[in-house]
Amino acid sequence: MTGSDAMPGFDAAERALLDGFVVPPPRSDLIDQVVAAALADAPAMPPLRKAARSERQRFGWRRAWQVAGAVGALGIVTAAAAERGAFGPAVQERVQVVVARAIGDDAPVATPPAPKRINTPPAPAPLSAGSSVATDITDARIAPMVEKLRRDPQLGARIDRALERRKARQIARGETPTPLDMADLARRYAQLSPERRAELRRKLATLPPEQQAEIRAIIRDYRKARRGQVTSQTEVIDDQSALPTR
Amino acid sequence: MSDGHEQASLAGLSDAALLHRLSLRDAAAFRVLVERHGAVPYRVALRLLGSVSDAEDVMQEALLRLWRLATDADRRGAAINSPGAWLRQVATNLCLDRLRSRQRRPDSGLELAEIADGAPLADAQIEEMERSGAAQRAIARLPDRQRAAIVLTYYEGLANAAAAQVLELNHKAFESLLVRARKALKAQLAPTLAMSLDSQLERNPHDRI
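Chains A and B supply the protein sequences, listed in that same order.
As numbered in our numbering, residues 1 to 246 make up the first sequence, in order.
As numbered in our numbering, residues 1 to 209 make up the second sequence, in order.
For the record, the hints were derived by calculation from the structure and aren't laboratory data.
The C-beta atom is built at its ideal place from N, Cα and C for all residues, glycine as well.
It is possible that some hints are incorrect.
What follows is a list of derived Cβ distance ranges for each label pair [unchecked claim]:
# : chain 1 : residue 1 : chain 2 : residue 2 : range
1 : A       : Arg169    : B       : Ala17     : 27 to 35 Å
2 : B       : Ala16     : A       : Ala205    : 49 to 57 Å
3 : B       : Ala17     : A       : Ala68     : 49 to 57 Å
4 : B       : Ala27     : A       : Lys167    : 19 to 27 Å
Chain A on its own, in the form it takes in the complex:
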């Protein structure tokens, strides 16, 4: 519906442009999905919160408590870090003296231990091509990566929504929701338009380098495993070229 006849303030040319913004109807199978999701739905949602809160309400007491909480938490974390020697032995000693006084501890302050060298765990052995466990191992690495990405302020909400949508789709199909797996991700990626793939690659490039490297390693291992399976089963994988490469 357009309100071109009921909208003052726009001339004919502007109305013609605005009326061009026609939206297509929703997919017909979406109705089936919604009905299935409703029938499968058990818990009641919390009541709708008011959408139109004033600026004053939004940045009022609640905001002040949030800021106070954040500052307090930051103080505690900083103090704890200082006590553990994060800012050097001199600061550590001073903080420990203050803490010892505060808790009435007369015992001498322990000298800070020499910083421990953190050994990075050895890289996992390369996956054997064609192994049936190879893709399972790749899948097991997805969950921690997704958890990291969910904590990303730019991507978190979007990933949560995608996961919810996936769960709803599985429920709508009468399936039990399953954890993410690489095969599904690769299949969905292959179905995306080139623009959407480019968009995803751009987003990947905005992640911290170590996360990018980790994601690429997962994809690389998945490909290796798939190639191995293809070699052994002489199948053709049509979604290989679809995976993101940089």
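Given the structure of chain A, go ahead and fit chain B onto it with the hints provided.
Here is chain B on its own, set in the frame of chain A:
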């Protein structure tokens, strides 16, 4: 009675009668309501968010809320007089929440690509898409609440009082918002209109003053 017959008989029922059946967890009544009003939250969300997948999410969430509210014995008192209007309000609120929670790039060809299907396009269709894209981009560049004001009044055809109610604003505040929204939208549309005029003059040079 077969499913088809039951569906057909339900289709003749009023919204109030369907809502009553919904309170008894009647899935067939819910399906009729979804078929009747499901496009409302989808339409509002697609225009406000500019993304098909987000619009589908909002549509699903709004309809699930309708189901939950109507079937929840404790909250059945919350009257839903008009499911269409209720869904429009819920969808608008959900969209504003989403817009607030993400710092979304206002201008993206991605969403346009989502709306367009993969079929080969004739010139007229391309022109129509460009036209649709220009309006969509112009609306997407507006601040959230101005965008909602335009979508509710222009595209959903709500009177100012009804749109003010959806956005939980008083009448005067809404009118002021709408004036600002129209002004901003006109400014956004101006370059497209100027380009369109230029190309028209190129095609018909005799029209030049």
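Hint check results:
no.: 1; hint: Arg169/A / Ala17/B: 27 to 35 Å; verdict: 32 Å, holds
no.: 2; hint: Ala16/B / Ala205/A: 49 to 57 Å; verdict: 54 Å, holds
no.: 3; hint: Ala17/B / Ala68/A: 49 to 57 Å; verdict: 52 Å, holds
no.: 4; hint: Ala27/B / Lys167/A: 19 to 27 Å; verdict: 20 Å, holds
Violated hints are absent here; each numbered hint is respected by the structure.
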